[in-house]
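With the hints as extra help, turn the sequences into a complete structure.
Protein chains in written order, with my numbering: chain A, 1216 to 1865; chain B, 1216 to 1865; chain C, 1216 to 1865.
Just to be clear, a hint being listed does not mean it is correct.
Which copy is meant is left open, because identical chains are indistinguishable; a pair holds if it fits in one copy or across any two.
[Said to hold, decoys possible] Each computed DSS-like pair below joins lysine-lysine, with the alpha-carbon atoms no more than 25 Å apart:
id, residue 1, residue 2
1, Lys1497, Lys1751
2, Lys1497, Lys1747
3, Lys1711, Lys1725
4, Lys1497, Lys1812
5, Lys1751, Lys1812
6, Lys1669, Lys1863
Read the hints as simulated data drawn from the structure, not as lab findings.
Being a predicted model, the structure only gives us computed values, none of them experimental.
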Amino acid sequence: MRLGVCYYPEHWPQSEWRNDARRMADIGLSLVRIGEFSWSRIEPNPGQFEWDWMDEAIETLASENLSVILGTPTATPPKWLIDQSPDILAVDRHGRARAFGSRRHYCFSSSTYRSESQRITRAMAERYGQHDAITHWQTDNEYGCHNTVLSYSDQALQRFREWLRDRYGTIQVLNDAWGNVFWSMEYRDFSEVDLPTGAVTELNPSHSLDFRRFSSDMVVEFNREQVNILRDLSPGRAVTHNFMGYFTDFDHHTVGTDLDIATWDAYPLGFLDMSPRPRDEKRQWLRTGHPDLMAFHHDLYHGCAPKWGIMEQQPGPVNWAPHNPAPNPGIVRLWTYEAFGHGATFVNYFRWRQAPFAQEQMHAGLLRPDSEDAPAAGEARACAEELSRLGGHERGRADVALIFDYDDKWFLDVQPQGREYNGLIVAMEAYSGLRTLGLDVDVVSSRADLSGYKLVVAPTLMSPDAALVTRLSQLDATLLLWPRAGSKTTSYQIPKTLPPGPLQELLPLKVARVESLPPACPVEITMPSGSKVSAKLWFEEVETDLEPLAADERGYGAWYQAGNVHYLTTWPEDDFLREILLTLTSTLEIETIDLPKDVRLSRRGDLRITLNFSEQEASTEAAGGPSDPERYVLGGPTLGPAGVAIWKAT
Amino acid sequence: MRLGVCYYPEHWPQSEWRNDARRMADIGLSLVRIGEFSWSRIEPNPGQFEWDWMDEAIETLASENLSVILGTPTATPPKWLIDQSPDILAVDRHGRARAFGSRRHYCFSSSTYRSESQRITRAMAERYGQHDAITHWQTDNEYGCHNTVLSYSDQALQRFREWLRDRYGTIQVLNDAWGNVFWSMEYRDFSEVDLPTGAVTELNPSHSLDFRRFSSDMVVEFNREQVNILRDLSPGRAVTHNFMGYFTDFDHHTVGTDLDIATWDAYPLGFLDMSPRPRDEKRQWLRTGHPDLMAFHHDLYHGCAPKWGIMEQQPGPVNWAPHNPAPNPGIVRLWTYEAFGHGATFVNYFRWRQAPFAQEQMHAGLLRPDSEDAPAAGEARACAEELSRLGGHERGRADVALIFDYDDKWFLDVQPQGREYNGLIVAMEAYSGLRTLGLDVDVVSSRADLSGYKLVVAPTLMSPDAALVTRLSQLDATLLLWPRAGSKTTSYQIPKTLPPGPLQELLPLKVARVESLPPACPVEITMPSGSKVSAKLWFEEVETDLEPLAADERGYGAWYQAGNVHYLTTWPEDDFLREILLTLTSTLEIETIDLPKDVRLSRRGDLRITLNFSEQEASTEAAGGPSDPERYVLGGPTLGPAGVAIWKAT
Amino acid sequence: MRLGVCYYPEHWPQSEWRNDARRMADIGLSLVRIGEFSWSRIEPNPGQFEWDWMDEAIETLASENLSVILGTPTATPPKWLIDQSPDILAVDRHGRARAFGSRRHYCFSSSTYRSESQRITRAMAERYGQHDAITHWQTDNEYGCHNTVLSYSDQALQRFREWLRDRYGTIQVLNDAWGNVFWSMEYRDFSEVDLPTGAVTELNPSHSLDFRRFSSDMVVEFNREQVNILRDLSPGRAVTHNFMGYFTDFDHHTVGTDLDIATWDAYPLGFLDMSPRPRDEKRQWLRTGHPDLMAFHHDLYHGCAPKWGIMEQQPGPVNWAPHNPAPNPGIVRLWTYEAFGHGATFVNYFRWRQAPFAQEQMHAGLLRPDSEDAPAAGEARACAEELSRLGGHERGRADVALIFDYDDKWFLDVQPQGREYNGLIVAMEAYSGLRTLGLDVDVVSSRADLSGYKLVVAPTLMSPDAALVTRLSQLDATLLLWPRAGSKTTSYQIPKTLPPGPLQELLPLKVARVESLPPACPVEITMPSGSKVSAKLWFEEVETDLEPLAADERGYGAWYQAGNVHYLTTWPEDDFLREILLTLTSTLEIETIDLPKDVRLSRRGDLRITLNFSEQEASTEAAGGPSDPERYVLGGPTLGPAGVAIWKAT
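Below is the structure:
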């Protein structure tokens, strides 16, 4: 695994570049991302390109054998371009143009901006596409950040109508698919369809869902247009885009089909502060990050492209969360090994030197604004040295797959039915349940090859199509389904045979009635063992000849099994989920480990990586590590705070 | 009491209609509401009417002896009409048109839409006005739902200026009535008056109040225009409109003067979840509904027209509350008897079959989407059978009246003075206090005939006019007034003699100073008995020669009596209110019953109806029921969970 | 100290004016403010002035020897003026004009309104500038109230661009100062700069800060234009403007340079209810006000102009807070003495008679709407009588200064970095810490003369310029700095040498890293004594050779000293601050008193004023008062609830 850094030569005097490059190399970094916000320096006036500085920056980095990831600068169209073509601006749901003054102010549907995006990408690719130092390209930056996938512009409206015509053919097919007879919402022509905003009350969920899909497709198209140019003019280079965390506004799996490497921007402390985790957890992991939040995303983006990496790794306090604590000593190193353990191809720290100006001036870098090393610089150096000794190891296939589809998340966003029913949260809770048992998890699209897994969990399988149902019916693996599986057709209707709809082929069960519950009203579940566990937020009454494996106080089944398919009628709390998973893994002879709350284990090749997220010591043996200190390639049987231990499986 | 159902034949294949009608009849239903969202099917293109399907639907229902309540479809003007006349759209307070895409997107002041509303009403009435199966008409659907009474359109502005000219005659009269000299808000002409929105800070409350009154009048006019057509073209049919719960944006009493039956849409679980009740109560009545919330509305709408009924009764989980639990077994039957006990003329379940598409696809019906019976179907069947045996009984006049005027609610909305001071909440708490003592309550407008009542309670009598004061002074009944009674003139000014203003004719007392208090600062009241009770949110210091019957810690009077008039200077908590009511009813020789928290009692003719809202058994005797099981016409001395018992008073 | 009242003769029949004036004089008032909302009566039609009524009002007041404070009526431009020139209206951040209908609807940048403001001011000054009864002028009313400093109008945009050109000269200087290279935000010309609103995410903080400064300058200009006319046409009269509480949107120190008296509008109960104080404190001081909230503002505005006073003193319940309790008996008198103790030149009660109409009809006055005395009238009368016996005393210089600059507050508003980090709150907590030790405090601008102080505390010294650093380095006083001191350049950049930047001249210390913390994550600090105290919200790691005087659990220093300069790396809780202040004052031989929680002490000349904010008795001796009752000029050794005691220092 390589280490790298994000660098903005245009922010610093040219006289410092050489020294910066030397220090990067000295730390042991080998990758540098540049360029993604530099449009106003590349093209300060319309059509007037200034390449000299970038030529020089790339040469300087190359002279230290640093490989360059070059970013297309389309996340920040300059002011002159906006003034020249205001139709580039995205439009918010109230019809207001989203103004210049920060970044990402463009509309993905703008044909003007599509041309400009290709023009600047072509210009860069023509200039640097064949440069030896350029080994990777990053398209744009953080698609969708700041709520920018959905735009309500005139061009979005025109494109949406075309998209609908392509999808439905005739307006009657659309009317039927959406159920527009309800509330006299029927259209006579595609030109009558508006963007879903500003209505008096809830819009037709089919309308909203299709707009989500359309908007995602615009991102896919936008990205693909850049990728096509890059592949053409810069063959042999890896193309990536840096995804974000807790973000599902476009289909990352589809964007990923155009990428060689899926990268993402990992900010463990910022994400924890902004997450809906309980206050106690936020306090407990204030300066370490939550043991599963980053890992979930690592595994999610692992499933998006042939390789994955971290384009931006938090190196210290950031500027954008409500509260921005400092990582504990050693934690940046731990995060680096967390990525390593999950198979990253590289980890880039963000950023090289803390900028003393503008929006992110309180965002730490490897260097402080006065160019002294920040604490993370030393941790990066340690990682680089250690990693060079570890050698190459590839991530293998896990025993367990977790299916997560973006389309399903949108189904739940559009009509959650229970206010707290969030598709990402339910997936992350399922993931945590698996990870605390020491299991590796492949988070995958339902379109992924599912062969070879022993256990497939699907917390949000809202709307499986016929092909998927067929594939699931042919699975050797055990399949664990959460409530709402198969509860909608792809047009956002309830299946004719009631949920789980086409999954009834796998499971002789019919959901007769559902209820959503406030968080203050948990459901007590009695397990086969007689023990009491908890469920929450959702409960389904089913019709079936199956005997439930667990039931609630009213006697309604909470857990059903039909052959290798298991179905939950409710959202399990940790204790309930744990009992289910222990039962399944025991049957499947998948080995589990009862990990301490703060310790996590992962596998890369024959290496076993253990991390201690707590501020106290922990024992590596609790994660299955050997007692013999000699057997460790890193660390040993005792894990200090933020400790990392690695041994080879025999 | 008849039972019925809401049905949307346009949602289903014509081939299913006959079977649907048969099953309705088989359950014992005799009423079916149709048509209120069907404009795009009646008139799919401008001026092109398609009656065939509706002819057929009505014939099919009639063939099973089902009476039809036909709804005018004006809540959902179709897209072609909006595109043709965008001035139909309501405008929000920021000046943005409220878009097509759901329902109720029209402005009540739009002259274009007034014409269209009459045109489509006339077309339907001409077609079906004399049809034997049509026994009722429903105008539009849920006026004001989704915050649609107030519209800030250009037409609303023009109509508002006319309305003001009609009300005030000259601009100087308006300036004086509003006190516009304050902050130099004086106008020189009616054409200078704007709609009350967008100002830098609070608008003149007189301005805001008059806009509320004007907007209510637009609803009244809109409804009356339809009613006039229906009375003309469809004589002998009952006209109704379906009101909502927790909704006070127009004057239901005035709309009610044009109706034969006031109906409303009763959703006990959804309303509880969205209500400001404490979390414990929401948990306690999660799957049963609160014992007084529906009943309050039953009695409120009972006071709006010669008859009242339920147009939409929740039959299972709904889709629109933050959380949507399933009713406990038997609870739909209990709700049906709750309506019966309060005198309903019919109860219509909403809806026949759960629609698998569009906005309300998660809203339960009597049938599931797969056409199987949902649990409520069985409960409806049981009710139908039982009710047929009970025979006819009319609701009598109660001993107690509770005055609730919409105008008073608007007074409190416009300037609550204490953030939590809500006119509907104070009325509902007064109502609950009475109901837990086993009392029937007539909730009435102050314009109602008050003769014959023994006790009249007025929790929100903000602004009685001279005529009302005269009528109150002639009351035989005891009158119990809450704070703020008579505290404003009809123009929203403080009376010259201070509150209670003209009510000083009845009560020798002057409110010298008022204070509003945070919920965290309750007031301890010492009762005549020496016991301590609580009050909240509001306290008045009065000047009077009367001795207070109860006082706070500072010695300020909390409860005064002058002859048959009682006055509270503070908002009583349950314990305080209970002592007051026990004192008054004891003096008045009104019999009370100390009901268990979850049990309610009501009277219809000589029937006594008792309901158990708890999940435990309760004793009917605790509600005054006989111990002899033989004396019951329904149920018996023990009430199971969701139990109903009815006996005849001797 | 004089007492006065705010009066609106235009609200009342002319026949009552004489009686009103007599009663004012009889109470002992000698000042009356009039006129500030009367534009529509002065100029009911364009150019048509009606002075008769105001002539008469002034004569009537003068006949009772009442001095008049005459307000320019520019806070309420009348409707005809707005209709004639809609460009007067302020524009909100979404681009919507802020409508007529309340007050303060004008944009400070509007050249039309600048002309109108001067026209009406000149008209009034020409009419009354030489009138003997006119002793003071008030410009406008409560600049900025209802969030009106920031306006996003076209004129604001033009003026902002000019302002930037004046400040930066060339666009390249601006680009560098703002760091616009970040995110390609560079401009090619000042005409490309927009107002900072509507961007997709956070704007450049330098951009936002400069707009705050510009907007403040517009207020300064607006006020100065009126002042210049008044000084010209009404020489010898004191000019004031009435500031508000908890309000920092413009630089009051700069506006104050144009005033003779800084006045403010003091509403202790309303401010407490709207403040972020904990609920327990709000309950404790519900009807008395918080002992330091008003005092802080007294001392803040004392530092803004040669003299200070209260233009509006709450006399009873108000109308504008979420909850509006009634002051306890005696509390209006206590507030009057609180102002006296802090050196007020006058206290004006707001308002004479409670208006029965319009927005503030629930706002108490000295008289009730029925013209009877409200409780405050008696308290004012008592104050007038007592004050006449106390004679003249001037406030002296305190031992302690607290520096508070508005520019620093804006720095923290623009990028708080920790959500709860509020510059006004940290200043008020520092102030409370000093006041509970019985210390007088001069709250001053950093531009004030700091000589003579023994202790200077600076809780928010974000961006000291070179001149200030020089002055601080020459201080004899001990200087106590909070975290973030010197953390930004005036252009909103991190200093090249890291914080505290230029203050490193005084303090050999470098802030290497900062973190912000959630309120739920306090920091435990170990004091030199070994005792444990608390800090919160913020922590800095520093590089220094100094030994910390206190440190956190990680060993990071929390309190450093270098000679007479002390530096805190964290926001101290009360217990921590108290220990620091006791240490410093002990060293500096500043006498402190361990005041009870509810008692405060202040000094005016040789008078010592003690106030009891509690509802229980307190001992004056606990505030250093003599035991001999004879030594008191007011009150005595025992303070009743709301009690005031004054003695002469010997």
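Status of each hint after checking the structure:
1. Lys1497 / Lys1751: So lysine 1497 and lysine 1751 pass the 25 Å test inside a copy (21 Å) and across (16 Å) alike.
2. Lys1497 / Lys1747: Only across copies: lysine 1497 and lysine 1747 sit 24 Å apart there, 27 Å inside one copy, limit 25 Å.
3. Lys1711 / Lys1725: So lysine 1711 and lysine 1725 pass the 25 Å test inside one copy only (11 Å; across, 68 Å).
4. Lys1497 / Lys1812: Result: close within a single copy only, 14 Å intra versus 34 Å inter.
5. Lys1751 / Lys1812: Answer is within: at 22 Å inside a copy they meet the 25 Å cutoff, but 27 Å across does not.
6. Lys1669 / Lys1863: Within one copy only: 24 Å inside, 67 Å across.
Hint check: no violations occur; every hint is consistent with the structure.
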